[in-house]
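Student: Residues per chain are reported as follows:
Number of protein chains: 4
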Amino acid sequence: MVSKKIRLAIIGATGYTGREAISILLNHPDVEIVHLYSLENIGDDIADVFSQFLGRVSLKIEETDLDAVVRDCNCAMLCVPHTAAMGVVAELHRNGIRVIDFSADYRLNDVAEYNATYGVKHKHAGLLKQAVYGLPELHRDKIKSSSLVANPGCYPTGAILAGAPLVKNHLVRTDSIIVDAKSGVSGAGRALNVKTLFAECNESISAYSIGSHRHQPEITQELSLLAGEKVSVLFVPHLIPVTRGILSTAYFDPVKEKSVEELQELFKEFYRDDYFVHVLPSGSMPKTGDVAMTNFCHIAITTTPTGKLVVVTAIDNLVKGASGQAVQNMNIMFGLPEEKGFS
Amino acid sequence: MVSKKIRLAIIGATGYTGREAISILLNHPDVEIVHLYSLENIGDDIADVFSQFLGRVSLKIEETDLDAVVRDCNCAMLCVPHTAAMGVVAELHRNGIRVIDFSADYRLNDVAEYNATYGVKHKHAGLLKQAVYGLPELHRDKIKSSSLVANPGCYPTGAILAGAPLVKNHLVRTDSIIVDAKSGVSGAGRALNVKTLFAECNESISAYSIGSHRHQPEITQELSLLAGEKVSVLFVPHLIPVTRGILSTAYFDPVKEKSVEELQELFKEFYRDDYFVHVLPSGSMPKTGDVAMTNFCHIAITTTPTGKLVVVTAIDNLVKGASGQAVQNMNIMFGLPEEKGFS
Amino acid sequence: MVSKKIRLAIIGATGYTGREAISILLNHPDVEIVHLYSLENIGDDIADVFSQFLGRVSLKIEETDLDAVVRDCNCAMLCVPHTAAMGVVAELHRNGIRVIDFSADYRLNDVAEYNATYGVKHKHAGLLKQAVYGLPELHRDKIKSSSLVANPGCYPTGAILAGAPLVKNHLVRTDSIIVDAKSGVSGAGRALNVKTLFAECNESISAYSIGSHRHQPEITQELSLLAGEKVSVLFVPHLIPVTRGILSTAYFDPVKEKSVEELQELFKEFYRDDYFVHVLPSGSMPKTGDVAMTNFCHIAITTTPTGKLVVVTAIDNLVKGASGQAVQNMNIMFGLPEEKGFS
Amino acid sequence: MVSKKIRLAIIGATGYTGREAISILLNHPDVEIVHLYSLENIGDDIADVFSQFLGRVSLKIEETDLDAVVRDCNCAMLCVPHTAAMGVVAELHRNGIRVIDFSADYRLNDVAEYNATYGVKHKHAGLLKQAVYGLPELHRDKIKSSSLVANPGCYPTGAILAGAPLVKNHLVRTDSIIVDAKSGVSGAGRALNVKTLFAECNESISAYSIGSHRHQPEITQELSLLAGEKVSVLFVPHLIPVTRGILSTAYFDPVKEKSVEELQELFKEFYRDDYFVHVLPSGSMPKTGDVAMTNFCHIAITTTPTGKLVVVTAIDNLVKGASGQAVQNMNIMFGLPEEKGFS
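Protein chains in written order, with my numbering: chain A, 1 to 343; chain B, 1 to 343; chain C, 1 to 343; chain D, 1 to 343.
Here are the simulated lysine-lysine pairs, DSS-like style, with alpha carbons at most 25 Å apart:
hint	chain 1	residue 1	chain 2	residue 2
1	A	K5	D	K340
2	A	K258	A	K268
3	C	K60	B	K268
FYI, nobody ran anything at the bench for these hints, they're computed from the structure.
Modelling step: build the complete structure from the supplied sequences, incorporating the hints.
Tutor: What follows is the structure in structure tokens.
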């Protein structure tokens, strides 16, 4: 794929991930944002909706028009919820538009699992085979030649990057993995909900959806692919009063004894070609504040007296966990260096 | 022990736990705070140091004078760091003062473990046998007749309350327990430290001291006592940008199959006499915000598809995790209802 | 009025001010909460809606029934929005129930100003004359004998307490007062609003409704009454990412020269009978954190090189700015010490 | 001045403004950071001190060596406190290095005022005449040809930009200006201080240094220069629990009646060449969150019923209030577009 100007449509531009995509792309020399679509604020300038864009970008928000996308663009980012993306993806894909879908609609290979997890019947199950799970650190080659990328969930990004080197190298038991994740509130989106009011979540910490979160099948799918066998993951998310950031603390039972130095080397080797992943030196621990507003993932590995391995990863849920990863995927799909346009 | 007026000295009154003890005791009808001691602000009124006390309490901060404690008081709370408490406790105890020690100096039964954990040689090892670990939910009877109570650490309080009913009833494996704890910043105290500056920990989440935190031996000791065998606990603390609160997410491998309803009943039974512990109904999850400024511990038990049991507890680290528990212990030691004086 | 058991109905129990009223009253020895009413959660226990009440209070939330209030209660707190309170107040008042109305419906003496400010026509204008503006520091005597108290707005409480001693003593120009107020987010209530989502207001500071906020007429009314002439106040509110607290920075042009010591004395004299107001010593400045969860107002007076006087007040918007002040008013109405029941 | 590669030394690299300068310059195509100096962490890589730089910049922190600066660099940023910068600036300037001084040492034209404000005797008073106050919106032309730029304080930047168009056009009284500023905690720097501990300033709002803050003379100096007469400003700073951001609410008494539309036009005209200043449309108010991590200043003008004018500005204190403004100044000094390198 030769590099060329990317003419982009963003569908769902007035949510947090749409806003973040625009923000990242402000500096991308090879991308022109051609259309911004939303269900709200039709006719307003994006800078009127998000004052942070004043004087930096001026684009009208339009009512979604897929014909216009097909006519004017060669790439679309869908920043809309699951089920809302399903048909749009299919139509754009059929018309030759490269699609990066932020929703869960094309992430799961197994349509039955999708139907069970999201409580709807997938209407374009045939397309699942053509979708690539857009975690570049695992599927870079497939993404290069794909025209339909399912951008991973925020939680799965942090969880999978924590476990991938271990399960790939058969170093840990695959039936006892735990991922205890702590997420900022922007992960819940901009929809109205009492639980995400400032006065409800400020100065409070809580767990939710223990073992039943919709992101669990994604994590299991990708780690199972790496392991070559069915992996069992217990995923436990927590809501933390920060705007951005996910810290994932992953627990593993090792099946082979390795020193922490050996494990660090193994992680570094696994991620040696990955610009956005950093394995921290001993004594250093990931902080979500250190990766805020960036597409980086920081990783630390710790061995413990009780035998368990602990891997901690930190990402910005809106960047590496969503819009940044989408830009990274877009860069790969268009033959650009994957860090292109990132500050 | 008959109830009588408690004449209290607080040693270490200008730290967060000293301040919190005063705050709780403002309304206690049976306590008179007789002396406030500190290394700082000698001669100032406590209301000058902490404006929250203006018009509510007026007491001079004095240089520590143990003779005065012996002369004027029948109870002392030691809100000073480990090693600083060691000798003071011994002297007050020798002179018949009931002591509630907030430090770790008398928490561990095994002096070798104390020495290894805190890197000093205990100077009053003989006294360890007389000290009671002040978690009323486990040791109420011993506390009643004790004159030396080692007030538990903040993290151990949340962790032990999560696991106690399970290990006591031999329902879980004792070699694979994980406690993933999330704490507010006040847990680090009022000492100067770059890591606890607002601009360092705001908008950031991080783990620290994985498997090597000083509170781990306490957790292990108490759960082992309940289990009747050596328990292995992996304790992983995290720093969260809230002022108050600890949420502990504890992971267990069950050895007997129990429904979530059976487990809830078992927890309720275990804590049936404990005013300050609440087992939440199904569908409800603990939030640290719900227990902030109170001495309560909220608990939820969840069974999961992968087989693991997850128990979540929420406490206020400064109240049930420190000063509130101390007041609860004091009430018990003086024959008062343990909720006396709490709002 | 002789003291007797207060049998209270709280109408609007599931908002922040209703919750706070319950929380404060948990410890009030002379109050029995008889009915909790709301539009939501009918049939639920209040402890199911707000887990903080678990094990501390158990009361069913009922559909509002004014006949039951008249039959079972002698006092009602109305924690509902303006216009919703108007008719309920009138009916309860007609039936001899002492009413404390949290809304703005009975705060303004001038019905034309009410109609203009709130954009509705007042339906019980005749009752305005019988309502007392419930700021005890100004109207304690009238409150004692009143059966209809209009509980002040949160912003006016902080603003009026800052200016009252100055305008009463004719020490400042009455045409140039500025109140720059900074409020926590709970002041916006529990209603759904994009602007009060955590991810919108965290890590941001903003002004709103400059010179046009609905609380401005209240401030003007009360300061004008004190001054004996029409006072002009510019009120400028700001939204700050804290849950609780209002800091009001009030600017005055003095007409008589007074030293800061003289002014402090004057403020202390003005508030000499007011348990909940503290004039801070020189060098000390109010912090909202110092009055959080309390009914206190802290005040500091500063003279400046440019000649202006600056008075800063700090209150907890949910306590002294709402529910705590309501309890204070209730105590006064029932002949109790006004600090009764407060911790 | 022709554009050429800028070889930069940053002196004081391990504080917040040093860190921020590095962060901004990561993407600047014309700047090479040649030396990083600090009093701490000598020999460490900057990415070891600030993990956010991992994989993005690798530079050793050195002991300050002014000879090396003279030998290797053509520009220096001094991110050190006042008085510490004084001599270093003089020496670098004497040796032909273009200097951008973040401290207050060369901001005030009047040496007597400097001495009085900072409590020291200026040792290089002769150099004050050559220093340019580095607010590009006021002094762009002088900055172009200057080799010594005194980078403005964070508070003065927001305050002066609020008032400049009004005082320049003689539209307001110059004896009654008030600036009520609200700042994030990073403004206090990374030095250890109980007042900036998380648990002290979280969930609290307070005022400090009312009328006596060191930044007041800067504000007065610049507004007086614009007015052509001595201007009197009352400056009142507040500490707000956010990491970044200053919101300045400035109050003016107009001497000529202007509509808000006229005033907006006047502000737009005044700032017509200023890329980083945006006058918001009617109905829109500045939020510090909207300018966080950017070099922009947002401004809104409001007329009020009481006659006063209110101008609100929002900046990021670490960017437009410090390091971003320094980069803007550097760009101007080296003949580059002033927005060069900013994302």
